[in-house]
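Q: Chain by chain, the residues:
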Amino acid sequence: MSPPAQRASPFWISLAVVAGLYLCFLVAMLVATAGYTTPEKLFAALGKREIQYSIFLSLVTCTVTALLSLLLAVPVGYLLARARFPGKHVVEAALDIPIVLPPMVMGLCLLILFQTGFGRFIESASVTFTYTVYGVVLAQFTIGAAFAVRTMRHTFDHLSARPEDVAMTLGCTRAQAVWLVTLPAARRGMFAAASVAWARSLGEFGPILVFAGATRMKTEVLPTTVWLELSVGNLEAAVAVSLLMVLCAMAVLAAVKWVGEEV
Amino acid sequence: MIRFDQISWHAGAFRLDAVSFTVPAGSYGVLMGRTGCGKTTLLEILCGLRRPAGGRVFIGERDVTGLPPGERGIGYVPQDGAMFPTMTVREQIGFALAIRKRPGAEITARVKELAEHLGVAHLLDRLPQNLSGGERQRVALGRALAAKPSVLLLDEPLSALDEELRDDLAALLKRLQRELNLTALHITHSRREAEQLADVRLRMEAGRIETAPAG
Numbered sequence: 578m579s580p581p582a583q584r585a586s587p588f589w590i591s592l593a594v595v596a597g598l599y600l601c602f603l604v605a606m607l608v609a610t611a612g613y614t615t616p617e618k619l620f621a622a623l624g625k626r627e628i629q630y631s632i633f634l635s636l637v638t639c640t641v642t643a644l645l646s647l648l649l650a651v652p653v654g655y656l657l658a659r660a661r662f663p664g665k666h667v668v669e670a671a672l673d674i675p676i677v678l679p680p681m682v683m684g685l686c687l688l689i690l691f692q693t694g695f696g697r698f699i700e701s702a703s704v705t706f707t708y709t710v711y712g713v714v715l716a717q718f719t720i721g722a723a724f725a726v727r728t729m730r731h732t733f734d735h736l737s738a739r740p741e742d743v744a745m746t747l748g749c750t751r752a753q754a755v756w757l758v759t760l761p762a763a764r765r766g767m768f769a770a771a772s773v774a775w776a777r778s779l780g781e782f783g784p785i786l787v788f789a790g791a792t793r794m795k796t797e798v799l800p801t802t803v804w805l806e807l808s809v810g811n812l813e814a815a816v817a818v819s820l821l822m823v824l825c826a827m828a829v830l831a832a833v834k835w836v837g838e839e840v
Numbered sequence: 017m018i019r020f021d022q023i024s025w026h027a028g029a030f031r032l033d034a035v036s037f038t039v040p041a042g043s044y045g046v047l048m049g050r051t052g053c054g055k056t057t058l059l060e061i062l063c064g065l066r067r068p069a070g071g072r073v074f075i076g077e078r079d080v081t082g083l084p085p086g087e088r089g090i091g092y093v094p095q096d097g098a099m100f101p102t103m104t105v106r107e108q109i110g111f112a113l114a115i116r117k118r119p120g121a122e123i124t125a126r127v128k129e130l131a132e133h134l135g136v137a138h139l140l141d142r143l144p145q146n147l148s149g150g151e152r153q154r155v156a157l158g159r160a161l162a163a164k165p166s167v168l169l170l171d172e173p174l175s176a177l178d179e180e181l182r183d184d185l186a187a188l189l190k191r192l193q194r195e196l197n198l199t200a201l202h203i204t205h206s207r208r209e210a211e212q213l214a215d216v217r218l219r220m221e222a223g224r225i226e227t228a229p230a231g
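Line order of the protein sequences matches chains A and B.
Using our numbering, read the first sequence as starting at 578 and increasing by one per residue.
Using our numbering, read the second sequence as starting at 17 and increasing by one per residue.
Hints listed in this document are in silico derivations from the structure and should not be mistaken for laboratory results.
Be a bit skeptical, because a hint or two may be false.
Stated by the list, open to error - Computed from the model, here is a short list of chain B residues facing chain A with C-beta under 10 angstroms:
1) F30
2) E60
3) C63
4) L65
5) P85
6) E87
7) G91
8) F100
9) P101
10) F111
11) R116
12) G120
13) A222
14) G223
Claimed, not checked - Not close to chain A: a few residues of chain B, all C-beta gaps over 10 angstroms, as computed:
15) T38
16) R126
17) E211
This one's a predicted model, so the numbers in the text were calculated from it and none came from an experiment.
Built from N, CA and C at the ideal position, the CB exists for glycine as well.
All chains should be modelled from the sequences, with the hints used to inform the complete structure.
A: Structure (structure tokens):
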């Protein structure tokens, strides 16, 4: 049951005015962008082969990144929430590096890493990342995973460890207790973590541009398209792709709210 | 029998030194003491959830100090029941047997038996969020007893309940402990509970245990 509404008082009214002004500003921005184009121009832009490819590549890479981010975020989030170890604060701060560093710098760091002996060894042992689709995923993952880790840590922080303890007294190992008791209870948090990583990856531009390039029909994702279309003065196409990204972001927001971030 | 032999444990400024006491086999031990004095820590050491810095823990004649929690033959009921959030009452009570890969028919029969005994047979398909405080504690008790432990450990199991329900559950606990010949260790702040339940009263004071027979 939701709490009863606050009684209108100058205090609450002034807070509502501040929130309302900000909301109006956001809505005005979106309405202005939507009004800048017509449905015909929108569909014409979305019909372009290059743009269709970038939509497809964005959807695929964001989904792969979201899944990879979750694979990393679940164990790391659990470790941070449950374990106590020396240097934990340092580890926590280090895991936030992708969140606080400028995205372009992250891209540059990735590019430089793969010019070193270590980076070249990884590429020779697996696949080429620099200026390829794999590089797009890696650039998205580097940043998206940090947000997913934060979300999962928050999720596990809010789940009591006591049921796990009980499960262990009933015959489980720690891993079984986590698998059978904690993870099912954390499923909403896992969905939220994957969604955050997905949405964050959809908007990622700087690191992809630096590390994977902006080659049409190869490493072009939606933010790259906006930039490429703007750079040649094709504002309609840039607006069309921007609106598509707004729709995707709103869909993710709605899904996360619907499933519920709270666990 | 439960026996603590010279158990010590420390975390920061908090320490327990050379704690020793015994709850005889088939007895109901009630442990009291101020909040934060280390009662729950002792229970967790007995469960195997915390490793003592020194000393030994015995259940029966068996030294269980190095054993994992699931091999100690204990049933544990924490304060809030600590229900498994996504499992039905049926799955919670059958959990210990399912983990041991017992046949489905055996699990079903044991769940039915315990649920009837504890008065939760009509709740088997409910999730924990749809249970009252008293129902949760009954389910937690059934879950703890499913694998037929020799020792039952209860950490303030009645503290969140209203008085009438408390008396009912206290009577149920005593009856079960007698019928199943369990050795019980029950933490509480309530003198009334101690009077209702205790065969052996234990009081924790300044990191030491004083034992007094009930009466």
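Q: Look at each hint and say if it fits the structure.
A: Each hint, compared with the structure:
1. With 10 angstroms as the threshold, the beta carbon of B:F30 stays out of range of chain A, its nearest partner Cβ sitting at about 15 angstroms, so the hint is violated.
2. Contact between B:E60 and chain A, as hinted, is supported at the beta carbon level, the nearest pair being about 8 angstroms apart and thus within 10 angstroms.
3. Taking 10 angstroms as the C-beta contact cut-off toward chain A, the hint placing B:C63 at the interface holds, the least distance being around 5 angstroms.
4. Interface hint status for B:L65: upheld, as the beta-carbon distance to the closest one in chain A is roughly 5 angstroms, under 10 angstroms.
5. The interface hint given for B:P85 holds, since its Cβ lies 4 angstroms from the closest Cβ of chain A, which is under the 10 angstroms cut-off.
6. Checking B:E87 against chain A by beta carbon gives a least distance of about 8 angstroms; that is within 10 angstroms, so the hint holds.
7. Given hint, B:G91 at the interface with chain A, holds; its Cβ is 7 angstroms from that chain's nearest Cβ, closer than 10 angstroms.
8. Because the smallest distance between the Cβ of B:F100 and any Cβ of chain A comes to about 5 angstroms, under 10 angstroms, the interface hint for this residue holds.
9. Nearest Cβ of chain A to the Cβ of B:P101: about 4 angstroms, under the 10 angstroms cut. The hint holds.
10. Taken as an interface hint, B:F111 checks out: its beta carbon lies about 6 angstroms from the nearest beta carbon of chain A, inside 10 angstroms.
11. About 6 angstroms separates the beta-carbon of B:R116 from the nearest beta-carbon of chain A, less than 10 angstroms, and the hint is met.
12. Proximity of B:G120 to chain A is violated relative to the hint, the smallest CB-CB distance being about 17 angstroms (cut-off 10 angstroms).
13. Interface restraint check: B:A222 against chain A, minimum CB-CB distance 26 angstroms, threshold 10 angstroms, status violated.
14. Taking 10 angstroms as the C-beta cut-off, the interface hint given for B:G223 is violated, the closest approach to chain A being about 23 angstroms.
15. The claim that B:T38 is not at the interface with chain A holds, since no C-beta of that chain comes within 10 angstroms of its own (minimum 21 angstroms).
16. Residue placement check: B:R126 keeps its beta carbon more than 10 angstroms from all beta carbons of chain A (closest about 13 angstroms).
17. With a closest Cβ-Cβ approach of about 28 angstroms to chain A, B:E211 is found to remain outside the 10 angstroms limit, as its non-interface label requires.
Hints 1, 12, 13, 14, counting from the list given before, are not met by this structure.
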